[in-house]
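Two chains, two separate frames, one set of hints: put the complex together.
Each protein sequence line maps, in turn, to chains A and B. Everything in the first sequence is counted per this note's numbering, starting at 4 for the first residue and increasing by one. Everything in the second sequence is counted per this note's numbering, starting at 428 for the first residue and increasing by one.
If you're looking for bench data, these hints aren't it; they were derived computationally from the structure. Some hints here could point you the wrong way.
To list a few chain B residues with every Cβ distance to chain A over 10 Å, as calculated [unchecked claim]:
| # | residue |
| --- | --- |
| 1 | R464 |
| 2 | V465 |
| 3 | N478 |
Computed footprint of chain B on chain A; a stretch qualifies when at least three of its residues, placed anywhere within it, have a C-beta under 8 Å from a C-beta of chain B [unchecked claim]:
| # | region |
| --- | --- |
| 4 | 16-23 |
| 5 | 34-40 |
| 6 | 107-121 |
| 7 | 163-170 |
| 8 | 184-195 |
| 9 | 206-217 |
| 10 | 257-266 |
Straight-line Cα separation of at most 20 Å, DMTMM-like style, residue types lysine to aspartate or glutamate; simulated pairs [claimed, not checked]:
| # | chain 1 | residue 1 | chain 2 | residue 2 |
| --- | --- | --- | --- | --- |
| 11 | A | K5 | B | E440 |
| 12 | A | K17 | B | E447 |
| 13 | A | K18 | B | E493 |
| 14 | A | K5 | B | D497 |
| 15 | A | K17 | B | E493 |
| 16 | A | K5 | B | E493 |
| 17 | A | K260 | B | D497 |
| 18 | A | K129 | B | E484 |
| 19 | B | K435 | B | E447 |
| 20 | A | K18 | B | D497 |
| 21 | A | K308 | A | E160 |
| 22 | A | K179 | A | E160 |
| 23 | A | K5 | B | E447 |
Yeah, the Cβ is synthetic: ideal placement off N, Cα and C, and Gly gets one too.
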Amino acid sequence: MKFIDEFRDVELAKKVIDRIGKISTRPVRLMEFCGGHTVSIMRSGLRQLLPPTVEMLSGPGCPVCVTANADIDRAIALANLPDTIVTSFGDMMRVPGSYSSLQHARAAEADIRVVYSTQDTLQIAKENPAQSVIFIGIGFETTAPTIAASILQAEAEGIKNYYVLCLSKLCPPIMKALLDLGELKLDGIVCPGHVSVIIGSRPYEFIPREYGVACVVSGFEPLDILLSVEMLVSQIETGKPRVEIAYLRSVSPSGNKIALELMDRVFEVGSADWRGIGVVPASGLKIRKKFARFDAEQAFSITTKPVVEPKGCICGDILRGVKTPLDCKLFNKACTPEHPVGPCMVSSEGSCAAYHQYGANDER
Amino acid sequence: MCLAVPVKVVSIEGNEAEVEISGVKRRVSIVLTPEARVGDYVLLHTGYAINVINEAEAQETLNILEQMADLDEVH
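Just chain B, same shape as in the assembly (with noise of 0.2 Å):
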């Protein structure tokens, strides 16, 4: 219910974007998310962006699990 998926945003046309995941497209309201910009991933929920997913941060938890699979293959 509180699933929201990362689509990333084609065009922006006032309160609203074109998204587009897996090659299907749909227009979703940005109103909650209006530093949404073209090419960002945004989180969609029930037809509303709901947050811009931070690159930097999800290279940054990969980047985490990886030393910690390297911490115990240390030990």
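Looking at chain A on its own, in the form it has when it is part of the complex (with noise of 0.2 Å):
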């Protein structure tokens, strides 16, 4: 396929790779903060394959999994009231909340839809117009924008039963709030390339700003990714960190401006609450007050029974980068893609289910 098959080179790779050991004289350590890089990361193999100097970390760049219990608990909740229609990215179904999770929710004759997309959901929405049709907004900057797209669209054509349990959440503030929490001594960060598609790469300017820590913002095939890690230990090296964009192709420093509109249009920043992290001020969007009556924390009233986290479960530690699945007691024991204990072994992009699908590849 174009724009992928050329960025899978093999003997490029190996080359790219050989360069990176001459260039890397000390040890260095490196956040891919994206799920979407961890995936192709494990999937190529690229951690064995890099030099013993080059350490990489994966980050909590997985909307699935940084979702609360609290959300997970109040998606559920909303599915459970009578004549309403949730719908969810696949991804959600499966993730346990405090006592169910939206699947066991399903089988227990809520009815809950998986969809690929908002639009899909407009259109059960105007299928049933008798029924709250209810959205899980799960996500990044990458699909904040397609959830305000739709916003706007129900409000132009007088879809009046449509609306958003808005849980999007922003990626730089939760870099600085790890950044801050100082337990990982980072020297670059893999930036996430999606993401940068809508916001661009200016938002990171802080990073080697304000912490000395070198930014990157990559693409997701090998190529990119080895590109990225090149240009990271480029500004290690010379003691130079700034923010670069690898994946010139589809991110401008200045992003999706159309989008960026849609976005401010619909939402404002608020806090948001991130499994392992906590509720960090200003890292989350809520709906504004103007848009209010398509927000299902406004429109509906529900309660929900105190939040329990499942016992030996170190997802937090995980998406905080402090520990790796590796050192979960749980890990491909209690806890497999088939019977879950915790969101990082459930989403496709979960560093759990990563190691578990490839896990072969990263024997050092």
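See below:
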């Protein structure tokens, strides 16, 4: 496929890896923020191919994984309301909340449907005018403009039974929160490619400036990631951390202005609850008052029981990059993709699922 | 979750485009990329084109990688 196959050239990749080995003179610790990058790195075995001076940690960039139990509980409570249809991206279905999952709630006869797009949800709303149709709006800046667009479309078309439980989260603020925690001592960050298609590379500029940490925005194919690692190592070796883009075919410094405008029209910045990190101010999006009638939080009254976290699960530590799935006592024993205990084993982009699927490539 | 795939724009009608990937066709929204034209490749995320892929920049990135590999062979 165009724009994919040419960035998977094995011979070229070997040469770039050799070059990284030659320019890397001291140990560096890099975090690939995005779950999509984690999967690509695991699938291609890059962790073991990179020189031993380059350590790669997985970050919290999987929206399913960072969704807090409290928010999953609320989604389930909404689904249990009468005359309601809840729609969700597929990965969310099996994530265990405190007492149940969306999948279990569906088995218990709640009307919960997997959708590929907010467009699908709008269609369901049109076809079921007597029911309230609530989209579980998880995702980062990549997905937020599509949710904004759906709310504007619902308003324009007079669709009155469409609602969003807005759980959108923002990447730069959580990077700041991780850096402020100071648990990791990072030298560089592989910044998320498709988030940056929307927000551009400028929002990361505080990271080299205030924390001295190198940043490169990366695409998702193995050669994209290797180029990013080469650029990060070069920055670190020369002592000049800055923000660079290795994914110029899709990312610009200023991002997608139309998408940013739509987001700003519909959302305002608010706090968000991150699994493993907690409530972080100004790290999420809320629906503005002007669009309150589409806001499931405003429109419905629900009660949930106290939040319970699964015993022994270290998804929180894994999401902060402090531990790896191999440090978890439940990994591949009590917790498998068939019977997941924590979200990092459910989502296809979760670290635990990636280690489970491609773990044989990761033995150094 | 932030997965987006390159797809080719086959036709455009208002805010929607028909796109093709590996012979599969689908209607998607181009409300976020009104600059998209027939023949362009766009990144498709959850039913929306989120940007038009810049072919010249893609080639430039490959050139940089080739140069990097050549540099390595000289040393």
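So, going through the hints one by one against the coordinates:
At the 10 Å boundary, the C-beta of B/R464 stays outside the reach of chain A, the nearest C-beta of that chain being 16 Å off. Every C-beta of chain A lies more than 10 Å from that of B/V465, the closest at about 16 Å, which supports listing it as non-interface. Non-interface status of B/N478 relative to chain A is broken: a Cβ of that chain comes within 10 Å, the nearest being about 5 Å off. Under the rule that three or more residues need a Cβ within less than 8 Å of chain B, the assignment of the region 16-23 of chain A holds, with 4 such residues.
With a threshold of 8 Å between beta carbons, the proposed coverage of the region 34-40 of chain A by chain B holds, since 3 of its residues qualify and at least three are required. Using a Cβ-Cβ cut-off of 8 Å, 3 residues of the region 107-121 of chain A lie near chain B, which meets the minimum of three, so the contact claim holds. A count of 0 residues in the region 163-170 of chain A with a Cβ less than 8 Å from any Cβ of chain B is obtained; the coverage claim is therefore unmet, three being the minimum. By the rule of at least three residues with a Cβ nearer than 8 Å to a Cβ of chain B, the coverage given for the region 184-195 of chain A is violated, with 1 such residues.
Note: the region 206-217 of chain A has 0 residues with beta-carbon separation from chain B under 8 Å; the three-residue rule is not met and the coverage is violated. Here's how the region 257-266 of chain A fares: 4 of its residues keep a CB closer than 8 Å to some CB of chain B, so the rule of at least three is met and the hint holds. Restraint check: the Cα-Cα separation between A/K5 and B/E440 comes to about 24 Å, which exceeds 20 Å; the hinted pair is violated. Under the criterion of a C-alpha separation no larger than 20 Å, the hint pairing A/K17 with B/E447 is inconsistent with the structure, at around 32 Å.
Between A/K18 and B/E493 the alpha-carbon distance is near 9 Å, which keeps this suggested pair within the 20 Å criterion. This hinted pair does not check out: A/K5 and B/D497 have alpha carbons roughly 24 Å apart, beyond 20 Å. Of the pairs offered as hints, the one joining A/K17 and B/E493 holds, with about 11 Å between alpha carbons and a cut-off of 20 Å not exceeded. At most 20 Å may separate the alpha-carbon atoms for a hinted pair to count; A/K5 and B/E493 meet this at roughly 18 Å.
For the given pair, A/K260 sits about 37 Å from B/D497 by alpha-carbon distance, which is inconsistent with the 20 Å threshold. Note on A/K129 and B/E484: the hinted pairing is violated, with a Cα-Cα distance of about 41 Å set against a maximum of 20 Å. With a CA separation close to 5 Å, the supplied pair B/K435 and B/E447 stays within the 20 Å bound. Using a Cα cut-off of 20 Å, the hinted pair A/K18 and B/D497 holds, with the two alpha carbons roughly 8 Å apart.
Note on A/K308 and A/E160: the hinted pairing is violated, with a Cα-Cα distance of about 37 Å set against a maximum of 20 Å. A threshold of 20 Å between alpha carbons decides the hint, and for A/K179 with A/E160 the separation of about 39 Å lies outside it, so the pair is violated. With a C-alpha separation of about 12 Å, the suggested pairing of A/K5 with B/E447 holds against the 20 Å cut-off.
Of the numbered hints given earlier, the model fails hints 3, 7, 8, 9, 11, 12, 14, 17, 18, 21 and 22; all others are met.
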